[in-house]
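Take the given structure of chain B and dock chains U and X to it, following the hints.
Okay, here's what each chain looks like letter by letter:
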Amino acid sequence: MMAERLAPPPRRIKLLVGVFEQETGLLAAARAAREQNLPVYDAYTPYAVHGLDAAMGLPRTRLPTVCFFCGLAGLAAALAFQLWTATSNWPMNVGGKPFHSLPALVPVSFETAVLLASLATVLAFFLRARLWPGRSPVSLANGVTDDRFVLALGPAVTFDPRAGEVLRQHGAVEIREIEAAP
Amino acid sequence: METRPSELAVAPVEAGGHPPEWALSPHPPLVDGEKSLHQVTEDVVSPLERFPGPAWYAGFLLSAAAFLLGVILVTHEIWTGIGTWGLNTTVGWGWDITNFVFWIGIGHAGTLISAILFLFRQRWRTAVNRAAEAMTLFAVMCAGVFPLIHMGRPWLAYWVFPYPNHRGPLWVNFRSPLLWDVFAISTYFLVSATFWYLGLLPDLASVRDRCKPGLRRTIFQLASLGWSGSGRTWARYETVYLLLAGLATPLVFSVHTIVSFDFATSIVPGWHTTIFPPYFVCGAIFSGLAMVLTLMIVARKVMRFEAYITTRHLDALSRLVLLTSCIVTLAYLTEFFMAWYSANPYERFAFLNRAAGPYGWAFAIMIACNVAVPQLLWFRGIRTSPALLFPISILINLGMWFERFVIITTSLHRDYLPSSWSLYAPTYVEVGTFVGSFGLFFTCFFLFCRFVPMIAASEIKGVLHDGRTPGPAAPPH
Amino acid sequence: MNRYPEFKKDMKTLETEDARDGIRRRQFLEILASSFTAMSLSGCGFRPPKEKIIPYLEQPEDVLPGVAQGYASTCGCCPAACGMLVKCRDGRPIKLEGNPQHPLSHGGLCARGHAGLLDLYDSERLRGPLAHGLPSSWPLVDAEILRQLAGIREQNGPIRILSRTVTSPTLRQAIAEFSRVFPTTRHVTSDPVSSSAILEAHRRTHGERALPGYRFERAKVIVSFDADFLGTWISPVEFTRGWAQGRRLGLERSTVSWHVQCEARQSLTGGNADLRIPIRPSDLLAAVLDLGSRVARRLRFESGEKLLASGEPSAIPPETLDRIAERLVDHLGRSLVVSGSNDLDVQLAVNFINHLLNNYGNTLDLSQPSLQQEGNDEAWDALVSDMEEAKVSALILLDANPAYEHPRREAFRRGLAKVRLTLSLAPRKDETASLVGFVCPDHHFLESWGDAHPHLGVYSTAQPAVAPLFNTRAATESLLTWSGIPSTAYDFLRKYWRENLFPRQKRWEDFEAFWDNALHEGVTLIEEERLKPAAFNLQAMADLRPIRPPVAAGELELVVHPGIPLGDGRQANNPWLQELPDPITKVTWGNVASLSAASARSLGVVEGRIVEIAAGDRAVRLPVHIQPGMPPNVVAIALGYGRWAAGKIAANEPIRKMLPIERESPGGEDLYPFLGTPSVRITPTGQMAALAKTQTYDYQAPPGNGRPRPLAREATPEQAVPEAGPQPPGHSEDPAEGPALWPAHEYPGHRWAMAIDLNACTGCSACVVACQAENNIPVVGKAEIRKKRDMHWIRIDRYYSGSESNPEENPSVSFQPLLCQHCENAPCETVCPVLATLHSSEGLNMQVYNRCVGTRYCANNCPYKTRRFNWFDYAHNDLLQNLALNPDVTVRTRGIMEKCSFCAQRIAEAKARARSEGRRVVDGEVQPACVQSCPSAALVFGDIRDPRSRVARAATSGRAYALLSEVGTKPSITYLARVRDRGV
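Chains as they are written, first to last, in this note's numbering: chain B, 4 to 185; chain U, 12 to 488; chain X, 3 to 986.
Treat the hints with care, as some may be off.
[As the list claims (entries may be wrong)] Simulated DEER-style distance windows between Cβ atoms:
no. : chain 1 : residue 1 : chain 2 : residue 2 : range
1   : U       : P402      : X       : A746      : 51 to 61 Å
2   : B       : P106      : X       : P686      : 54 to 64 Å
3   : U       : Y208      : B       : F71       : 17 to 27 Å
[Claimed, not checked] A few chain U residues facing chain B, derived, Cβ under 7 Å:
no. : residue
4   : S74
5   : T91
6   : V202
7   : I269
[Claimed, not checked] A few chain X positions that, by computed beta-carbon distances, are all more than 12 Å from chain B:
no. : residue
8   : G130
9   : L142
10  : R188
11  : R217
12  : D324
13  : R496
14  : F504
15  : N539
16  : S604
17  : W646
18  : P745
19  : A746
20  : R896
Derived from the structure by calculation, the hints contain no laboratory data. Computed from a prediction, not measured in an experiment: that's the story for all the values here. Heads up, the beta-carbon is just placed ideally off N, CA and C, and yes, glycines get one too.
So that you can see chain B by itself, here it is in the shape it has in the complex (with noise of 0.2 Å):
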């Protein structure tokens, strides 16, 4: 329900920052967030948390669509691309087969829709997550790529009591209001 389908967030956001030791607190923290209704920001782990998805509350990610159907694509590109040139742009008589000899279109048309799958799927990932070069990350606490767990709530939460409780009940070490830039 807070999904990224909403309107962007304003310019500069207030977010009540919440840094645990543990994976399990964060785990917990957000998951109590949730149950009362405050707005899970982000959260922020050094490495895939386990369920994290589920605690806030994600959706389904539409990758596995794109990766599909870009294969598809592909398949279908490498073997009319190859038809075309065999059969109508350039018979050639090969070896005395036939034009349209198709178990040797097999292993073009494979890696063609490997490869536009893959490819594609990366990109999107990259595009959706907004990683680019160029891009500075979100810096919301230190030690989140080394051992820190960071768990964000907001907008507008700031001023509710319910935030900060949730973060210091799970054991959150520190607890900061942090103005962010999206």
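For chains U and X alone, coordinates are given in the frame of chain B:
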């Protein structure tokens, strides 16, 4: 704490729910020494922040020198002609394609470990997958060089790509296995590189965050694409990683299948065999794992990664090596059986000549190294001893190189018309070029050790106990 | 300049080679100078001769730039004087072919004849006259020679002209004119490989010193004692034609001639025989006498039997000889016994056998004898002793090189020093020319007017196809100048023909018409007075000397013979010939000591071991070659190699060093000092030399499992009859005849195909050189051949029957010409990634050179291994030799694959001609170079879709098979199995 290493290989299968893995696992930790999360970052990243030791410099310079030798010889070869090699009218491929298949084979273990073991939830792969993937990339680079330089006119190599041109309708031959190779290998390289880079992103961010502002930080800033460890990104990241693993797995099989088509679809006796695809894929994994073993045994010692790449890892790799060795042995036997059973005189002679002809010595090396030596791995004592595994892994690599040499040379040098039979021996140019390819491989590997986190720290962290002590209010899920 | 864009590059190559090979500056300048000469020639030098010459096929007004013209001429490579067509493009000869209208050679031309073209463009020919070794000018040289000749005439000093056989009647006339002016002149004829004994034997038996015309086509039984008549003996093209005609199996013919060869070495002719009997040279006379006495006994001619009975047991089993005698007697007047021996006794005995068999007048023609070998050994011996005794004042060497090509050359050299005036007309500073006072270089035969008289009644003309490249002068002209009859060779030739030949014919009233016709046709038949040999003189047989004692113990009998590639060595500086593999040994670039396996074992040597061959104080070192089919205790070595003054190629200097670490070893040794030596000592040395062979495995059966592969197939006469029988041999187990996996492609127009009759192919290798000339195939040099990188598009595979495990048996030899098979399902095409090799709609497997990137996959996948790769930029840096390149065919760069194209350029030319004339291409109109060259017409080319074409009919023969058809390639080439009648 001493446990049966075999238990390592089988991690708990995660059921529908998400119980934290550590909570259920009765198995020993994947990392020795009760490391903390920070300790892992420190261990993995700090080698990049120090000046390397003399061993690194010595190794790097040696590799670079070998690489330079290769560059000089390849330049000589391109300048003067393929005739600087020992090939002839009958044996059109020799060390060039042998090396190509050898390196492609080496390049298979990385993706196997990354993708296939990932899909099989073999969590022990985390300690070795980064290096194995890097090895894949470098091996594929080495492999890619050989088809390029083996061309008579390598400056026209781009003609193998089907691009619109002004020569009238002029396309490539989609029936040629060499063209399939072009697609398979370039796809494999691109997908492997993407996969590797994707896995590298969180660690690059770790390095970035430890840097002081400056050039180094700017470089890592650019390379890490602004990674911030966001939970939303992690969720998508895991999906993409899984998708790529799913795509890379058939890709691994397809690449060596297609490489084997270079031979299997031809009509040369000894090449024209339907068993080649599985046989080649297994051989590739066999040799690739042996190379991973070689590198890991050295790296864990030099980089002091014994806590991460434990003897249990070596044991698990050795088991895979033993398995693939047995499959390869079966393939050898099948080939000989089929040659006899087919009653095809050309096929029969090709195999008789392979074992007892002028290159019988190469065949003997191949059998000794690929069939006999790996049988030592039935013993756990050998599997867990780096000092013993190291020579074995080297011998397997040697044997697998000879396998390709035997397949290529013995099949070509005596085929249908006895009038055309001839022998083949490499010249110093070919030998030097092969040495140069090792130079390229190790130069890249040394640079990799120096500039990129060699162990997937973010994945290691995910399998540690640290960070998972139950918090005050951890509600069951 | 811009006609040779590679000029710049060549200069660069020269410079780099300069540094690499350590060429000295002077040498470099020489090369530079020669290149500039070539350049200036290319700019203005190439022009037709001044005199009127007649194109063979087209009228002069039709001459178009870029369109080739053929001029009828005569081959000057050896005295056989085959008829020849010179193909010229833009004023320069680019290809030699046989003249189909020639009554002797019938359109055939041997390998050496084909290679004669390259001799024209030999940059090591002399560029002008030499006086005392230094370049001079014609007026100066002539003045000095005339001054000296005048002095000699005053003192009545004997003058000698020494030459090989002169077939040109005009040149003989010029010699006569010279002799008239200088009456003390005598003309001595000596051939390097002499047939003097045959002429002498006929003088004794028939009263005429003449060489009979051999009519192999009429012979049903041929027995040859060491006569390599298909390879090197007298007139091989003519004999091959005749022999093949007698063996041609057609739909209507089922019997062929039966050919027995008794010989000491394994010769090409022996390889083609139905029955080959290895005998040692010392056994030869006994065998001939034995056979003769058996023939006489069967004919109940007791006095003859007595004459021939030697009492010595012969080396051939009596039952074998009896069968041969039986067959001979069964074919009285239709048999032929020949011997290549230069031993008078042998030749006398052979004459007697032929006389007994009534062959004179039937298969042997003494009334219209051959004039192709006239050398007289006695005259030569007399000349040398005269010279040694200082009884010769002037010696004119007219086409002779005795300082090299004679066993007694040391005596000749000693004598030469005592001759006041020595002059040579050699075209190069050869071994003799470098010893004489004056060299007045003759033209190459493609530059000069001339004629030939090979058989009585047969006259052929030689037209120059190009103006002389260098400042040379025709021999006729030189002789005439010195005789004080200033005349050009052209005028003198016409004068001779007007005065001597024109009156003897009736067809033409006008000399000009007669002359034009003679030039146009290239050959003219003139009624001449026949020779009337006397009745057989039995008395001559009484002189038969007893048989020589056998060879001393510990020595091996020596056979020194002219080889197929170089013959007697006069063309040794020809790279095409040096690289032509000997059809039997398959060795290139040098000669070898051929030994039987038993002899090698007793000497303790293996193939490649260098041995010292010594007799008296003469010794040479040669590598050993193990030759199956050799009798024990015999060593056979080819002549013609080891020339030290013929040029860089003959000396086998590296054509181009490809690798800095590679070294060439000198190729071949000179065996002339041993010619006639009966036996030699052989001592192994510690050295080895890898032989530069193009084929290293000799058997159709692979080692180990021993079952021969059905490659060069053979049939017995019974199997081959009927020719179009219901059960063709070899076709039964052909899986290619099964159902196809996919529909075949259509061939709407022509579909080119070839048939190769193995029964006619002798392996003479003319096609190999013809193809090389037509298709600009580079020469790669000894080191490259040793690596098995020969570039020939057509090769002759030679197999011995039996298996490797038994090299001591006398095998039968099979020859199989192998070129691209133009498979319908070509395996090479499928694997090329860039579509550089494709199938044309006319069934050709095409190689697109400029698309090829050089993966060599096609060559790996070719089961016939007919594809050739350009491993280097093979030397085309002799700019003069580049003028022999065929402009219709691309010169390939390095890094690409090449192969036989079925002479696509000739197909295109024929199609264009047919289209412009509004007709279809007729059968036989397209002749690839190999087909055109074949002296035995073993190769047939045409459109297989036309059921009446010769190739289509050949494909229906019962002997037809496709090579490796079980692979499913469906080749366009049909082989016809060889029929061999072992008979005994």
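Tested hints:
1. For the hinted restraint 51 to 61 Å between U/P402 and X/A746, the CB-CB distance of approximately 57 Å keeps it satisfied.
2. Separated by about 59 Å at the C-beta atoms, B/P106 and X/P686 satisfy the suggested range of 54 to 64 Å.
3. One distance hint, 17 to 27 Å for the beta-carbon pair U/Y208 and B/F71, holds here, with the actual separation near 22 Å.
4. Residue-level restraint check for U/S74 is violated (minimum Cβ-Cβ distance to chain B is 29 Å; threshold 7 Å).
5. Hint status for U/T91 relative to chain B: violated, with the closest Cβ pair at about 32 Å, above 7 Å.
6. Among the interface hints, the one on U/V202 holds; its C-beta lies about 5 Å from the nearest C-beta in chain B, closer than the 7 Å criterion.
7. For U/I269, the interface hint holds, since its Cβ comes within 7 Å of a Cβ in chain B; the closest pair sits about 5 Å apart.
8. The Cβ of X/G130 sits about 56 Å from the closest Cβ of chain B, beyond the 12 Å cut-off, so the non-interface label holds.
9. Distance check on X/L142: its Cβ is at least 66 Å (rounded) from any Cβ of chain B, clearing the 12 Å threshold; non-interface status holds.
10. Every Cβ of chain B is farther than 12 Å from the Cβ of X/R188; the closest lies at roughly 70 Å, confirming the non-interface assignment.
11. Under the 12 Å C-beta cut-off, the non-interface status given to X/R217 relative to chain B holds; the minimum distance is some 47 Å.
12. Separation of X/D324 from chain B is adequate, the least Cβ-Cβ distance of about 55 Å exceeding the 12 Å criterion.
13. At roughly 57 Å from the closest C-beta of chain B, the C-beta of X/R496 stays outside 12 Å, upholding its exclusion from the interface.
14. At roughly 59 Å from the closest C-beta of chain B, the C-beta of X/F504 stays outside 12 Å, upholding its exclusion from the interface.
15. The claim that X/N539 lies off the interface holds: its Cβ sits roughly 69 Å from the closest Cβ of chain B, which is beyond the 12 Å cut-off.
16. Every CB of chain B is more than 12 Å from the CB of X/S604 (nearest about 53 Å), matching its label as outside the interface.
17. In this structure X/W646 is separated from chain B by more than 12 Å, as the shortest Cβ-Cβ distance comes to about 52 Å.
18. For X/P745, the condition that its CB be more than 12 Å from all CB atoms of chain B is violated, with the nearest at approximately 6 Å.
19. For X/A746, the non-interface assignment is contradicted: its Cβ lies about 6 Å from the closest Cβ of chain B, within the 12 Å cut-off.
20. Even its closest Cβ contact with chain B, about 25 Å, leaves X/R896 beyond 12 Å, as expected for a residue assigned away from the interface.
In this structure, the earlier hints numbered 4, 5, 18, 19 are contradicted, and the remaining ones agree with it.
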